[in-house]
Amino acid sequence: QKEVEQNSGPLSVPEGAIASLNCTYSDRGSQSFFWYRQYSGKSPELIMSIYSNGDKEDGRFTAQLNKASQYVSLLIRDSQPSDSATYLCAVANQGGKLIFGQGTELSVKP
Amino acid sequence: EAQVTQNPRYLITVTGKKLTVTCSQNMNHEYMSWYRQDPGLGLRQIYYSMNVEVTDKGDVPEGYKVSRKEKRNFPLILESPSPNQTSLYFCASGLNGLAGGGEQYFGPGTRLTVT
Chain V
9 QKEVEQNSGP LSVPEGAIAS LNCTYSDRGS QSFFWYRQYS GKSPELIMSI
59 YSNGDKEDGR FTAQLNKASQ YVSLLIRDSQ PSDSATYLCA VANQGGKLIF
109 GQGTELSVKP
Chain P
5 EAQVTQNPRY LITVTGKKLT VTCSQNMNHE YMSWYRQDPG LGLRQIYYSM
55 NVEVTDKGDV PEGYKVSRKE KRNFPLILES PSPNQTSLYF CASGLNGLAG
105 GGEQYFGPGT RLTVT
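First to last, the sequence lines map onto chains V and P.
Take 9 as the starting number for the first sequence in the working numbering and just add one per residue.
Take 5 as the starting number for the second sequence in the working numbering and just add one per residue.
Errors might be hidden in some of the hints.
[Stated by the list, open to error] Under the rule of at most 30 Å between Cα atoms (straight-line distance), these lysine-lysine pairs were calculated in the DSBU-like manner:
{"no.": "1", "chain 1": "V", "residue 1": "K105", "chain 2": "P", "residue 2": "K69"}
{"no.": "2", "chain 1": "V", "residue 1": "K75", "chain 2": "V", "residue 2": "K64"}
{"no.": "3", "chain 1": "V", "residue 1": "K75", "chain 2": "V", "residue 2": "K10"}
{"no.": "4", "chain 1": "P", "residue 1": "K73", "chain 2": "P", "residue 2": "K22"}
{"no.": "5", "chain 1": "V", "residue 1": "K64", "chain 2": "V", "residue 2": "K10"}
{"no.": "6", "chain 1": "P", "residue 1": "K75", "chain 2": "P", "residue 2": "K22"}
{"no.": "7", "chain 1": "P", "residue 1": "K61", "chain 2": "V", "residue 2": "K50"}
{"no.": "8", "chain 1": "P", "residue 1": "K73", "chain 2": "V", "residue 2": "K10"}
{"no.": "9", "chain 1": "V", "residue 1": "K50", "chain 2": "P", "residue 2": "K22"}
{"no.": "10", "chain 1": "P", "residue 1": "K61", "chain 2": "P", "residue 2": "K22"}
{"no.": "11", "chain 1": "V", "residue 1": "K64", "chain 2": "P", "residue 2": "K73"}
{"no.": "12", "chain 1": "P", "residue 1": "K73", "chain 2": "V", "residue 2": "K50"}
{"no.": "13", "chain 1": "P", "residue 1": "K75", "chain 2": "P", "residue 2": "K61"}
{"no.": "14", "chain 1": "P", "residue 1": "K21", "chain 2": "P", "residue 2": "K61"}
{"no.": "15", "chain 1": "V", "residue 1": "K10", "chain 2": "P", "residue 2": "K61"}
{"no.": "16", "chain 1": "P", "residue 1": "K21", "chain 2": "P", "residue 2": "K69"}
{"no.": "17", "chain 1": "P", "residue 1": "K75", "chain 2": "V", "residue 2": "K105"}
{"no.": "18", "chain 1": "V", "residue 1": "K105", "chain 2": "V", "residue 2": "K10"}
{"no.": "19", "chain 1": "V", "residue 1": "K75", "chain 2": "P", "residue 2": "K61"}
{"no.": "20", "chain 1": "V", "residue 1": "K105", "chain 2": "V", "residue 2": "K75"}
{"no.": "21", "chain 1": "P", "residue 1": "K75", "chain 2": "V", "residue 2": "K75"}
{"no.": "22", "chain 1": "P", "residue 1": "K75", "chain 2": "V", "residue 2": "K10"}
Rather than coming from a laboratory, the hints here were simulated on the basis of the structure.
In isolation and in its complexed conformation, chain V is listed as follows (with noise of 0.2 Å):
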């Protein structure tokens, strides 16, 4: 089992609707939780950052974690064309080591 897990890609919806991201850990102990952006051959970019179970929102994205299901996901409302990335979980545990998820490409139609 891979530490963490996102759903398979690609992920294709139509402008203007809800796009959901998920992802699945491996460790308890995990502590921090976040989503990177990656626009191909640039950096990736932090889109949210949670670490406390629930809901967190910024603008058009929302984090959710839980961790007793040891869960976390991103939803992005209002999906548009300039969301078209490939999203990156990642998982933290209390010092600095970091695993990210393999990712899941969005592609937001016109």
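Here the structure of chain V is known, so what remains is to put chain P in place on it, guided by the hints.
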């Protein structure tokens, strides 16, 4: 401008020829880290550093060395590169590590090819 810089951006080298990829940040960040990205394998952490003179192994440290003699620099050293180290490498830095959802800022990447 606040940034993480890496040099070189592109490098083609031969097996066994020692090389160093430099990483520098101007944000006075405590935390720095190196990653490699490969198709189908995603991003994997090589080494990280929580502070000066403190380094720890990530998921794939074999074949790599790092040092953190000063806060702003975190070079990645390949003593004897092999073709399986052909990859896209990213350096990143963060203010105080990853606890509490600390943000990392990534450098532009270094594409390394070992023949």
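Looking back at the hints listed earlier, which ones does the structure fail to meet? Hints 8, 11, 21, 22 are the ones this structure does not satisfy, whereas the remaining hints hold.
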